[in-house]
Amino acid sequence: MIELRNVTKRYGEKRAVDDVSFSVANGESIALWGTNGAGKTTLLRCLLGATSYEGDILIDGISSKKNGKAARSRIGYVPQVMPTFDMSVGEMIRLVARLRGADVKTGLACLDRLNLGGTLTQSMGSLSGGMKQKVALSLALLGDASILLLDEPTANLDAKSQADLIDMLDELKREGRTILFTSHRWSEVRALADRAVTLEQGKAVSIGTVADAARIADNIRVRVDLSQDTIEPAVTLLRAHGYTTARHGSSAVVTVDSRKKAEPLVLLTQSSYAVTDFELEEAGA
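Taken in order, the sequence shown gives residues 1 to 285; the numbers are from this note's numbering.
Hints listed in this document are in silico derivations from the structure and should not be mistaken for laboratory results. No false leads were mixed into what you were given.
Quick list of in silico lysine to aspartate or glutamate cross-link-like pairs, EDC-like style, CA-CA up to 16 Å:
no., residue 1, residue 2
1, Lys14, Glu54
2, Lys105, Asp144
3, Lys65, Glu54
4, Lys66, Glu3
5, Lys203, Glu54
6, Lys173, Asp194
7, Lys261, Asp277
8, Lys203, Asp19
9, Lys173, Asp144
10, Lys203, Asp18
11, Lys105, Glu91
12, Lys261, Glu279
13, Lys260, Glu279
14, Lys66, Glu54
15, Lys65, Glu3
Full structure from sequences and hints, please.
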């Protein structure tokens, strides 16, 4: 249903998406997983035709460059934050249905399915975060979209709203919808995804099963701050000892097994490199 071939998005010298290729089968659910700035949302923007890019994207066999309107008609999109408009829920459903040339009854039926049938006269601004995401999902399904793209769908929701939305998405997956979503929550990836594409600095560093991604999830990143004149030899030392290390300014970001998180710090101090500060973060956070 979705095929990406060597997709690259440049902003000047920076590659926000760097030569990414993968495919999503009909009815499959794929997670785009990685840190903030890894390229997840930019890749969704490429898929939506919201930004130019190099390479090719096929949606249900249709080139999004050559026939963008037909390709996008197959897609329903749920943003991370639902925009608030000065209109009621019912007015919003009718407006988007008219813009998409869809039957408004589809959106109303989806609202009923999500237990939001009683919100038609409520203003969009009065809804809770969870309710807004459910309205966004109803809008995405207008026109019976066969593909759903979701950007951090549960990022701003409380625990109950997260669980409700994941249950709904799982139900849509079982009905045969193709789902591609970005996430920084490992529980969400485990619940919804068949496979995970792990992005780092715009590159797809791994594409595999959720079990494969779980091994990455057991890692953490240690961000180590050093002086400007010692950062380069410190990074060289860490790499020489087998640590996956990236340099960001005067910081070294080391990916390490969570059970061995102190080891790179010990190595640096024993080698007389002064660590001015450090921070721990989950590898997929």
